[in-house]
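Keeping the supplied structure of chain A fixed, place chains G and R upon it in accordance with the hints.
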Amino acid sequence: MSEHILSSKLYVAIWATLMVLTVITASVAFIDLGPFNTVVALVIATFKALLVVLFFMHVKYASEKLTKMVIISAIFWLLILLGLSLSDYAVRVTGHV
Amino acid sequence: MEQQRNASSLGMWIFLGTEIMFFGGMFLAYLVYRMWYYNEFAAGSRSIDVVLGTVNTAVLICSSLTVALAVRAAQMGKRRLLVTLLSLTLLFGLAFLGIKGKEWYDKFEEHHVPGPSFSAQDIIEKYPQIPIEPAPTQIYFSLYFAMTGLHALHMIIGVGIFSYITFHAWKGRYTPEYHTPVEISGLYWHFVDIVWIYLFPLLYLIDRKPLK
Amino acid sequence: MATVAVTAEREHYLNTDYGIRSWLLTTDHKRIALLYLIVITLFFFVGGFFALLIRLELLTPAGDLVQPDTYNKLFTMHGQVMVFFFLIPSIPAVLGNFLIPMMVGAKDLAFPRINLLSWYLLVAAGLLMLYCIMTGGVDTGWTFYTPFSTAFSNTKVIEAGLAIFIAGFSSILTGLNFVVTIHRMRAPGLTWSRLPLFVWSMYATSIIQLLGTPVLAITLLLVVFERAFNLGIFDPTRGGDPLLFQHLFWFYSHPAVYIMILPSMGVISEIIPCFTRKRIFGYGAVAMSSIAIAVFGFLVWAHHMFVAGISLYSAMIFSILSYLVAVPSAIKVFNWTATMYKGSIRFSTPMLYALGFIGLFTMGGLTGLFLAALGIDVHVTDTYFVIAHFHYIMVGGAVMGYLGGLHYWWPKISGRLYPEWLGKFAALTVFLGFNLTFFPQFILGYLGMPRRYWQYPPEFQVLNVLSTAGSTILAVGYVLPMIYFLWSMRYGKIADANPWGAAGLEWKTASPPPVTNFEETPEVTWEAYNYDQIPAPEEVPVG
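Taken in order, these protein sequences are the chains called A, G and R.
For the first sequence, our numbering puts the final residue at 97, and the numbers step up evenly by one.
For the second sequence, our numbering puts the final residue at 309, and the numbers step up evenly by one.
For the third sequence, our numbering puts the final residue at 852, and the numbers step up evenly by one.
A couple of the hints might just be wrong.
Some chain A residues near chain R, calculated using beta-carbon distances under 8 Å [unchecked claim]: (1) S8; (2) K9; (3) L79; (4) I80; (5) L84; (6) S85; (7) D88; (8) V91.
Worth flagging that the hints you see were computed from the coordinates, not collected in a lab.
Quick caveat: nothing in here was measured; it's all calculated off a predicted structure.
Ideal Cβ placement from N, Cα and C applies to all residues, glycine included.
Looking at chain A on its own, in the form it has when it is part of the complex (with noise of 0.2 Å):
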């Protein structure tokens, strides 16, 4: 964490950013993009998520290469997780999908 003290314009742009791409989300919910609903959702959720990540919670100004290391390898983490369960789960037969 840097002492790096931001202005309160970038934290509030920040926040209209957020609140203005949380009602994209929302009315894009009601369009018919077929599989790519998902898709959208989900890229603007990581979007919003990174925004946070960088500016309120410091970290595009941090100095430690260490904080950075530790959310990627928790991120990393959990796709490893979600991924080699999924090499059961895609290939099984269930009779449900």
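Chains G and R only, in chain A's frame:
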């Protein structure tokens, strides 16, 4: 002091990493069952209130703004501003919990709470275009309550932490040289916000296309 | 350094303050380590008691000692207590807590109060577990498989699940403390490549604790919710998938076995160089292999599910990955062996445990490869072959490493020497008792005796009798150190700062250490394991 602040911050980030894995287990369950029971998840998702969900998302984003500004106020030594912003954060947090409570109450009234009183009949009748079975619909609601419940528990803990921080801020404990507790509590709060940022589309917006 | 009369007057962490409050409210990592020692020893006895009852029942083919339901409870609680309340905390909470700050040249861990909180969490969890045991126990197997645990068992599943959930938090906080300490509190000059390998092992262990335990936590919580609120997430009759539970459970529980073995490996990496008077062979390889085990260990969990109904495609992937994870462990064994080559070996008690570890861990590890092969696993899974395999690693490996470490660092912890002849005798007793207990089980498994059965066909009796006989010898071997360690605290010969002539910062301060570990913060200008610069002690220390 600098080393302690550095260490505390690293400690909180590592703790948030463990929280990602904690919620992650439920995301796996969600992923699997959404694959298996897409229709039931779609219908169940339609039956929860998207307006309240969107409002709650906005409430949390506002609270993240006030938290970020509060940390900034602490960095600049502005005690009264700090206390104001922390109090606003608390208010937003309580508002979120209140709205969530209303949503849960509605689910209780509609018999969508998993258990002996669960009934998906009203959903089946409301969406004849989506063929669904009751048992998998209950799985959707089990995950809904588990995920939003655990998230709400983290919010309650956050409100508790911020009550403590606000009290001490009011007593003048935090200075530009020492405001580590404000910073790391802020990190926790932002994380809880991020979890909701994902829960919102995953639970509320599975399928809102207009039905024929 | 300290000799007879001086220790009695010199202030150190044990005599600096008296009274129960000075212990229960301490933030000194050394005292907390001893608090942990007491708690986990207690649970070792509880778990061991269940083991003895199991072996007693299995003396005869008929089920004549306990009811079948009771037998289910015995093996369940033996497993849960031993894994979650003894093995997982053991080396990290006792030796890790005591040594890591000293090994990095710090006064304490990064978060001393969180360290104390960790201990209280384990105590709370332990009390809940004891309550569960005393009010009827739990019979689901330590693996809590659904839907039996969620829908059919009528035992204290919720209490046991919550107890382990709380113990998991203790584990997570310990890991957190260690990672931050190792990153942020190393003494000047102590670069990563100068760290003792024990610290590398503990770092790797902590990563596993941090990334894996939360998944166990949420899994157990979901089981508790399902039972309490009648949910159906894991109930196949209501659309749930029992295998989902198993994926979530084993995602933690496989890396958990690396939580249990990595610290022991770290201990061995300290003992072997000291009693061979040589630098460890391949420091970099051993350090990196610890990290490799931690990472690869997360990629193999479904090898516990080969016959549970996962897709064959997925089973093949996990089988290949399971072969890969053996490689870093093998690298360690090769490096320890290479260290001993042309070394000046001294067979003190810690070295006996270390040598036992290498042999028994190798056997356990190799039999793991048998199990990783799909074709063999189909026949020996859920038999005594598996039981022998994991006991060779957890008991022949982890527990021997723990005992070796306790003996090695006992002079530092207590300021006393234990009686060396008794130490050697106990080590040999443990080794013999262990092999007699568990080797017959490999054969039993190969011959087809299933696990978790309270009765068996008469042709298996001879091997079972051998196994039970071994278990009584093993029990003696475990009780002996408890007795002579306690005895040594009062009557043992006083130890000086470095009785073994060992390398490492912890040996540069008095035994027992002062409260702040070092009089002055050390500055490190030498490489690890600089045994070429440290003279061997003239005489073997005997208590």
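Comparing the hints with the structure gives:
Because the closest C-beta pair between S8 (chain A) and chain R is about 31 Å apart, greater than 8 Å, the hint is violated. Because the closest C-beta pair between K9 (chain A) and chain R is about 34 Å apart, greater than 8 Å, the hint is violated. Proximity of L79 (chain A) to chain R is violated relative to the hint, the smallest CB-CB distance being about 11 Å (cut-off 8 Å). Interface hint at I80 (chain A): satisfied, since its Cβ lies 6 Å from the closest Cβ of chain R, which is below the 8 Å cut-off.
Because the closest C-beta pair between L84 (chain A) and chain R is about 7 Å apart, less than 8 Å, the hint holds. Residue-level restraint check for S85 (chain A) holds (minimum Cβ-Cβ distance to chain R is 5 Å; threshold 8 Å). The interface hint given for D88 (chain A) holds, since its Cβ lies 4 Å from the closest Cβ of chain R, which is under the 8 Å cut-off. For V91 (chain A), the interface hint holds, the least distance from its beta-carbon to any beta-carbon of chain R being 4 Å, beneath 8 Å.
In this structure, the hints that do not hold are numbers 1, 2 and 3, in rising order.
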